[in-house]
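Residue numbers (our numbering), protein chains in the order written: chain U, 1 to 510; chain H, 1 to 329.
In short, the hints are calculated from the structure, not lab data. No experiment lies behind these values; they were computed from the predicted model shown. Among the hints, erroneous ones may be present.
Below are the DSBU-like pairs computed for lysine-lysine, each with C-alpha atoms no more than 30 Å apart in a straight line [as the list claims (entries may be wrong)]:
# : chain 1 : residue 1 : chain 2 : residue 2
1 : H       : Lys-320   : H       : Lys-117
2 : U       : Lys-437   : H       : Lys-117
3 : U       : Lys-399   : U       : Lys-379
4 : H       : Lys-146   : H       : Lys-261
5 : H       : Lys-308   : H       : Lys-146
6 : U       : Lys-437   : H       : Lys-198
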Amino acid sequence: MVFNSFAYALFLPILLAVYYVLNKRWQNVLLLLASYFFYGWWDWRFLSLLWISTVVDYAVGLLLDNPNASADNPQRGRLEDPEHAPPPAEPRPESSFSRLSRAVAHRRKLILTISIIANLAMLCTFKYFNFFIDSASELLTAFGFTVHMTTLKIVLPVGISFFTFQSMSYTIDVYRGKIRAVRNPLLYAVFVAYFPQLVNGPIERADHMIRQYANPRRVDQSWIYSGCLLILIGFFKKIAIADSVAPIVNDCFNGASIANWSTLTKGAWLFAIQIYCDFSGYTDIARGTSRLLGIELMENFQQPYLSRNITEFWRRWHISLSTWLRDYLYIPLGGNRYGKFKTYRNNMITMLLGGLWHGANFTYIAWGGLHGVYLAGHKAMIGDKKLVDLPWKPWHLIKVLVTLHLVLVAWIFFRPTPISTSWDYLTGIVTLRAGGKMFQPGALAFNDVVTVAFFAALVLMIDIPQYIRKDHLAMLKWHWLPRGLVIALMLFLLLVMGENNDIPFIYFQF
Amino acid sequence: MTSRSSIFSFDTLKLPRSVPIATLFALGLLAAGELGVRAMVATGHLEQDKSLRLTLTSRLDELKADKPPVWFLGNSTLDWGVDVDSLSEQLGVKVVKMAHGSATVDATAAMLDFYIKQSGVKPKQVVVTVTKDDFNPNGFRADKSKTYLEIAQDNELPSADWLMLRAARSNIRDKVTDTVDSLRPGQKAKANAAAIVKPFNGKVLADNDEFVRNLVTKFEVRSSWIGDLKAVCDRHQLPAPILVLMPVTDRYVEYHDRIVKSPTYEQVHQQILAAAKENGVQVIDFWTTSFSDYSLFRDAYHLSPKGKDWLTPQIGQRVKGSMIQPGMR
Numbered sequence: 001m002v003f004n005s006f007a008y009a010l011f012l013p014i015l016l017a018v019y020y021v022l023n024k025r026w027q028n029v030l031l032l033l034a035s036y037f038f039y040g041w042w043d044w045r046f047l048s049l050l051w052i053s054t055v056v057d058y059a060v061g062l063l064l065d066n067p068n069a070s071a072d073n074p075q076r077g078r079l080e081d082p083e084h085a086p087p088p089a090e091p092r093p094e095s096s097f098s099r100l101s102r103a104v105a106h107r108r109k110l111i112l113t114i115s116i117i118a119n120l121a122m123l124c125t126f127k128y129f130n131f132f133i134d135s136a137s138e139l140l141t142a143f144g145f146t147v148h149m150t151t152l153k154i155v156l157p158v159g160i161s162f163f164t165f166q167s168m169s170y171t172i173d174v175y176r177g178k179i180r181a182v183r184n185p186l187l188y189a190v191f192v193a194y195f196p197q198l199v200n201g202p203i204e205r206a207d208h209m210i211r212q213y214a215n216p217r218r219v220d221q222s223w224i225y226s227g228c229l230l231i232l233i234g235f236f237k238k239i240a241i242a243d244s245v246a247p248i249v250n251d252c253f254n255g256a257s258i259a260n261w262s263t264l265t266k267g268a269w270l271f272a273i274q275i276y277c278d279f280s281g282y283t284d285i286a287r288g289t290s291r292l293l294g295i296e297l298m299e300n301f302q303q304p305y306l307s308r309n310i311t312e313f314w315r316r317w318h319i320s321l322s323t324w325l326r327d328y329l330y331i332p333l334g335g336n337r338y339g340k341f342k343t344y345r346n347n348m349i350t351m352l353l354g355g356l357w358h359g360a361n362f363t364y365i366a367w368g369g370l371h372g373v374y375l376a377g378h379k380a381m382i383g384d385k386k387l388v389d390l391p392w393k394p395w396h397l398i399k400v401l402v403t404l405h406l407v408l409v410a411w412i413f414f415r416p417t418p419i420s421t422s423w424d425y426l427t428g429i430v431t432l433r434a435g436g437k438m439f440q441p442g443a444l445a446f447n448d449v450v451t452v453a454f455f456a457a458l459v460l461m462i463d464i465p466q467y468i469r470k471d472h473l474a475m476l477k478w479h480w481l482p483r484g485l486v487i488a489l490m491l492f493l494l495l496v497m498g499e500n501n502d503i504p505f506i507y508f509q510f
Numbered sequence: 001m002t003s004r005s006s007i008f009s010f011d012t013l014k015l016p017r018s019v020p021i022a023t024l025f026a027l028g029l030l031a032a033g034e035l036g037v038r039a040m041v042a043t044g045h046l047e048q049d050k051s052l053r054l055t056l057t058s059r060l061d062e063l064k065a066d067k068p069p070v071w072f073l074g075n076s077t078l079d080w081g082v083d084v085d086s087l088s089e090q091l092g093v094k095v096v097k098m099a100h101g102s103a104t105v106d107a108t109a110a111m112l113d114f115y116i117k118q119s120g121v122k123p124k125q126v127v128v129t130v131t132k133d134d135f136n137p138n139g140f141r142a143d144k145s146k147t148y149l150e151i152a153q154d155n156e157l158p159s160a161d162w163l164m165l166r167a168a169r170s171n172i173r174d175k176v177t178d179t180v181d182s183l184r185p186g187q188k189a190k191a192n193a194a195a196i197v198k199p200f201n202g203k204v205l206a207d208n209d210e211f212v213r214n215l216v217t218k219f220e221v222r223s224s225w226i227g228d229l230k231a232v233c234d235r236h237q238l239p240a241p242i243l244v245l246m247p248v249t250d251r252y253v254e255y256h257d258r259i260v261k262s263p264t265y266e267q268v269h270q271q272i273l274a275a276a277k278e279n280g281v282q283v284i285d286f287w288t289t290s291f292s293d294y295s296l297f298r299d300a301y302h303l304s305p306k307g308k309d310w311l312t313p314q315i316g317q318r319v320k321g322s323m324i325q326p327g328m329r
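Bound-form chain H, shown alone (with noise of 0.2 Å):
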């Protein structure tokens, strides 16, 4: 038979006379890795990866089983900012902490709007922690929460990696990376040392410095954001939020007020201010403590192990009287 194609025969179509044996092997070695890689998760000798989707379904299995009644959300000056435990022994009732890096305001009533529609839960309280450029429209956070406003206008979690060498991948790389620096001497130990949480050494930051300077790219003040937070409990029929505007250093004030000049850093403060109380949103205020203290610091804005057994209790103790309602527990 013939065809009019100058490509195309049943010629074409036929298997090669040799086979195709090391491609097949190949496909062979990868599904047996597969297969590897899972028996090894399922045995748990292998974790998969705290992926952003095994995040999230644990922390709505956490609050379909424990139904706390307090949540605190942020990012990470929350993550190391303040302790759970020890807040949920303060105010006697369980607080869950559900911080999501980067985040910003808006993204973070987006993921409290999420939460209570994927499990069910409504919290009594809402407690919501901030710094400056957490306001800011243009920066590395904004872009960041990309991710979060997408998963919670969809309301659906993050699709899963269908292979499990992809989904335990970050796990794989660190054994092979423990392997490889246990066969060198004092590795170990560097590695251990390096673990320990040093605090922040107080330089002055320079104009380019890594950890910020992203952050205040085209700096602007979204303050209305509080006001997304606010509508956000309402239509839940929550209590109004509170919001726990964060310590830093002085050096991280200084920075921006050189950087961004325009608003000043105690301008970002009064805007936050009026746009709380605009919104009848409750503020308990560390903002104007500008930190000299480094020791609480691992760097310019977040907080070191020391700092967050200074904060949370004052935390626990402002919160306290205004937050607990009869029954809560």
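Bound conformation, chain U alone (with noise of 0.2 Å):
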């Protein structure tokens, strides 16, 4: 099921009037049901591998559980404990794990590995089988061998990454001593199942989700209000922006080979919207479903084309995956505590993996190698300088537009189409190509230009109070004229711009 169709429209207040009468257990017993209901509602039989995950990893967390670890941190008791003072910032692995034996600690490591290969395993035969054996088989052919290798007639089961991710996240966790294992079934099958952001993230940490499933749920009418503000922001972002600009960008791509480079720009610079608005356009919606179910869930997106440089990007952009690389890959593999060879090493390690996450192509790869070397590019310019909240400066402006263009150049290989494809879209762009020949600066139209200023403004109309209050809900604290009068606009262009048709999210195939 998704958000923007039919069925959910008339799913979530079913849910809601039943919900909201049950007491806390038996929501949770709700909770999953209806996760399963709404991923069900895609294909059944791809319930088994929520199942799968959610049986392998919470009998991982049970043998990886170090109750040594809490007498460290005489405050931190179970997740699913009521109202029990959070963990620590940080882990103590050492000071835990000093306790353990050398064969516990070996056991728990094998215990560890499996779980991850479990997870991998599963992942890799449903997104990346295919994937690898026409690849090597491409290799292989080109090398002069005749190879018949079989491929899976298998279709993607949607959110995959995203709930393999989410749930290899607990047992490293549980693992290195930051939260103890989820003793309740049922906690855990919400955490892994929970449907505002099953399919599509956030990418949530057990620390922040199980504890709100454990304690009784407050929905006061603020939550009301900023829930229903959030979903129809999130409704905006993808039908009155995102889905609007897909056409145009499917023509501007489908004709990368021939298309005049004011076209090609026109076509980079929507996309770069559109996928903006597809992607935190859901988790809006995710986010203002969860908080009328009294959960809150982490912000993913935080305005990221204002980013001032590519490392604020990421601290900005899809916050839940780029925190998860960094904890789970990125920091394992050394960060930057190793050098700056290493750092950059690590980095470029980090970006390809993370774009591999995204899909089984090599556009996504590049993609996450260009931001690799952005990445490091940035690193070797700023050395060891802190980059955290830096005051605005009006020169500030030309670093907006130079990261989001270095963005906007990243983007174009992020589409699965072969490489060629983009690789003819970024000449056509950067030769000037027009009517066939390279070097036509004349030839950019004014319409493109309008058409671009206008998705542009929308979306700023909406990021910039965000970026200025810091705060998602930034329009709530308005005066009530300029805040209805935004709402009204919202709502007509979602009136009149909207198309019948369902077109699903991008992220989906992710």
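Grab the two chains, each in its own frame, and use the hints to assemble them into the complex.
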């Protein structure tokens, strides 16, 4: 089931009506059943993957649980203990594990490895098997070998990358002693399957979510109002902006090898707008829906296109994935602790795998590689300077534009097309191609500029107030008149620009 | 009263202390906008968009009112290729043209059935214009034709937009665009110049040409659709339909043979002729003429106004003898 469907418009009110009159335990049961229904609506057979992931990682969590770890932190109890104090910000694995015998430590490592392999095997089978087979076959053919390798005729299960990563983070956190294992299977099952964030994130952490499932929910009018506002903003971004630009973008990318540079530039700009509004729109709807259920989801986007450098961009774009990659890949690889070269290497490995996470295609690897280069380049420029919350200066606008265009170039590779198409697209822009000839700067079309400016203005209308107040609900603090005008404008454009067909969210394919 | 729920209480249902004035204001503005647009449509200051529903409704009204004996059906090649007024004059009977954008032959047959069932009017003669891509069950046209097939299968008009703001949205957008353009000097002249149809430039079509590349996706020839068309006519006790194979440019033919390779353009032609013969369908054939007079075309396969003026009398002349029966008027 997708948020922008008639089925969901029926599903949510019915769910809320029942949910609001149940007690906490039955609310969790209902959430679990509703989540399975939500996922099974698309294809019930793939529910088995969710169940496998849930059972395996729940059991692994129990096997890895380290009761001695809590001795270091007497405040820390189990996540499901009602109202218990939050855990410390950083785990203390050294002191925790010092109490364990070598044999126990070895056994725990083995169990974690098995768990990670099981999760990655599921992901690789459904997402990467055919890609690796095809690539190997092409490589062998290039060297003159004729091979006939079998590929699988399987459909990519929606959201598998999201819930697999979420499950993995839980077992790794338990292994590291950052959290205690969850004993209540219902809470863990809800954690894996919670429908608002199941298929498109945010990729949540157990210590944030399970505590909320374990405690009674409080939904007052401010939660309902803010939830509805987030849902409205999400639908506005998705339907009025992302879906409206989608056909224009498709036309531009379909004509990658022949279109004028003006058209291609318009397409690149609009694709950047489309992918942001599509994905962040989903997150907004997920967060708004979750608020109506009394559960707070993390922010996944913080106005990324207003970033002043590429490092900041990655602190603002798909935050749940970038922090996941940081915590479970970049830092274990050594992070920035072993000199410049290894920092660049770790950055590159992290971004390449981050690119591959998005899809089994060389274009995504190229996208990740480009960002790896950007990050390494930026790291080389700034050295050890801290870049947190720098005050704004007028010339920072230039930095924003430079960062935005670097990101824009990378987006050209962020499509499941042959990499040659992306290359044609990029060269078309760089060489100012028009009418089959190169270096034709005069071909910039006024209408293309107006189209981009219109959609960019809609995005900025939402993003700038949020950026200034550092709050996705900044609009709630406005005077009623501008707030009412913006809500009216969003509703109007939703009605006028929305098409009747349900265009799926881009990130579903990941 | 206590509730078992951690969320629900009667306090939850109480209105907030402050009325959600911004939301009410926004909804009020929308309601005012809707009323305003309805008033503008009612007074003729704004039109509803030319939606499929509106088009079908007006056609059904026309069929019921005029009861035209000759029906021309097809897609954009018909719309741009045949002048229905001069054809009516030439044939001496009322001719109606019902084009459905990108319709394949099976969709055209389905829509013929729909019009007869919905209007209760039967034509004396049906003429269907086709090009080779109208027989491809896998291309862009087949995809677009799903809508027509669904309408015909359900035998119902597409649902109406319940908001006039939506029903007239294209016209609202055009009004805004016109207003913006009027602020830019010289823009109106440019728009007028752009509205003049330029003839096809005769360039060789690139492999991924945006106008034709999607038409030949997984190209096949479903010539049995001619039988479907004939079956609709039989079901309603109409004479066999006439098939007009529309002219295209040599660039279009060359593109087909280069990209599709098999069946070649000529092989497609032969398959269609064979299927027409098998079903007793008369063919008026402009197919084999690969025109290099590009002034007759606006692109590789759509006729220009000059081409329309050239083709219409030829079609009229070719169908006149075989089609007109006594008492048709």
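Evaluated hints:
Simply put, Lys-320 (chain H) and Lys-117 (chain H) have alpha-carbon atoms about 27 Å apart, close enough for the 30 Å limit, and the pair holds. As the CA atoms of Lys-437 (chain U) and Lys-117 (chain H) are separated by approximately 55 Å, the hinted pair breaks the 30 Å bound. Taking the CA atoms of Lys-399 (chain U) and Lys-379 (chain U), the gap is near 15 Å; set against the 30 Å cutoff, the hint holds. Distance hint between Lys-146 (chain H) and Lys-261 (chain H) is fulfilled; the C-alpha atoms sit about 27 Å from each other, no more than 30 Å.
Restraint check: the Cα-Cα separation between Lys-308 (chain H) and Lys-146 (chain H) comes to about 28 Å, which is no more than 30 Å; the hinted pair holds. Our distance criterion of 30 Å between C-alpha atoms is met by Lys-437 (chain U) and Lys-198 (chain H), whose separation comes to about 22 Å.
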